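Participant: Sequence:
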Amino acid sequence: MPELPDLAVMAKNLERRLKGHTLKQLVLHIDRKNNVPEIEMQSALIGHKVKSVYREGKELRMEIGDATLGLHLMLHGELKIVDGEEGVKFPVLQLGFGKESLYLTDWQKQATPTLNPEKSEVPDALEITRDKFVDLLAKKKSDIKTVLLDQKVIRGVGNAYADEILYDAGIAPSSRANAIPEKAVGSLYKSMVEVLKKAIEDISKSDPDRVTGENRDFMKIHLPKTEKTAKGEKIIVDQKGARKSYYVESQEEYK
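Using our numbering, read the sequence shown as starting at 195 and increasing by one per residue.
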């Protein structure tokens, strides 16, 4: 699943590619999870120009005319820009802009387009203030990784980057959130912002035209096929349900 840095780069590149283009065709291939009928979506979007594309939490938003189209890629969704009548596998949504089309695809059929999604009041990982972050963690008894991943608490962080952030901050993923000292919470906040921004920068330089998928080339700890970090530290893998956490022994645990 693409995480915040991937989605930020994708949004920037999609906007560069599509801004000012008029939507001429919309085909909803899978409608079981859509919030409105295809004809309503067509009426709201077709004939209008793309004004902007941006990231909202772990989703993408396309501002088209006076309406907004939300795109949630879920676990296996992808975005593809194709020329002419070139076909794609597992289409969920097709947005036609004349000579080229943007497809949302998903072999699991879980990726979801939403017309005019509601604005979330949950703070974004790159917008929350340090003070609010400190207050938030002080109220949580769950382990810190679970808190970072809870999109109803803070939006944008996924499993891989939660590991990267905690490794950078030197905090064990099993630490109880409200047991972490305020100084360490401050370090965690700094790591969260710096790790995510650095990843956006690295992916932008590495994949300047990326509009889909994920880039894990710059990970330091979330490395499923690697036994040691670049520093020579043994990577410990802990599985909790379907979720795996990657960390090293030196990350301090607060209980």
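Simulated from the structure, these hints should not be mistaken for laboratory data.
A hint or two may mislead.
25 Å max Cα-Cα, derived SDA-like pairs, lysine to any residue [to be verified]: (1) K313 x A373; (2) K313 x S368; (3) K333 x I322; (4) K293 x E232; (5) K438 x L320; (6) K425 x V387; (7) K206 x L309; (8) K243 x D277; (9) K313 x G264; (10) K346 x T323; (11) K334 x K293; (12) K326 x T340; (13) K206 x R226; (14) K419 x N409; (15) K218 x I233; (16) K377 x G290; (17) K384 x S368; (18) K434 x A373; (19) K245 x H215; (20) K334 x D277; (21) K227 x G352; (22) K218 x G290.
Pair by pair, the computed Cβ-Cβ distance ranges are [said to hold, decoys possible]: (23) M268 x D325: 31 to 41 Å; (24) V316 x R370: 18 to 28 Å; (25) A332 x G435: 41 to 51 Å; (26) G241 x E376: 49 to 59 Å; (27) A436 x P402: 39 to 49 Å; (28) K293 x E447: 48 to 58 Å; (29) G290 x V328: 40 to 50 Å; (30) Q304 x Q433: 19 to 29 Å.
Just so you know, these numbers come straight off a predicted model, no measurement behind them.
Every residue gets a Cβ at the ideal spot worked out from N, C-alpha and C, and that includes glycine.
Participant: Check each numbered hint against the structure and report the violated ones by number, ascending.
Facilitator: Going through the list in order, the structure violates hints 1, 2, 11, 13, 16, 20, 25, 27 and respects the others.
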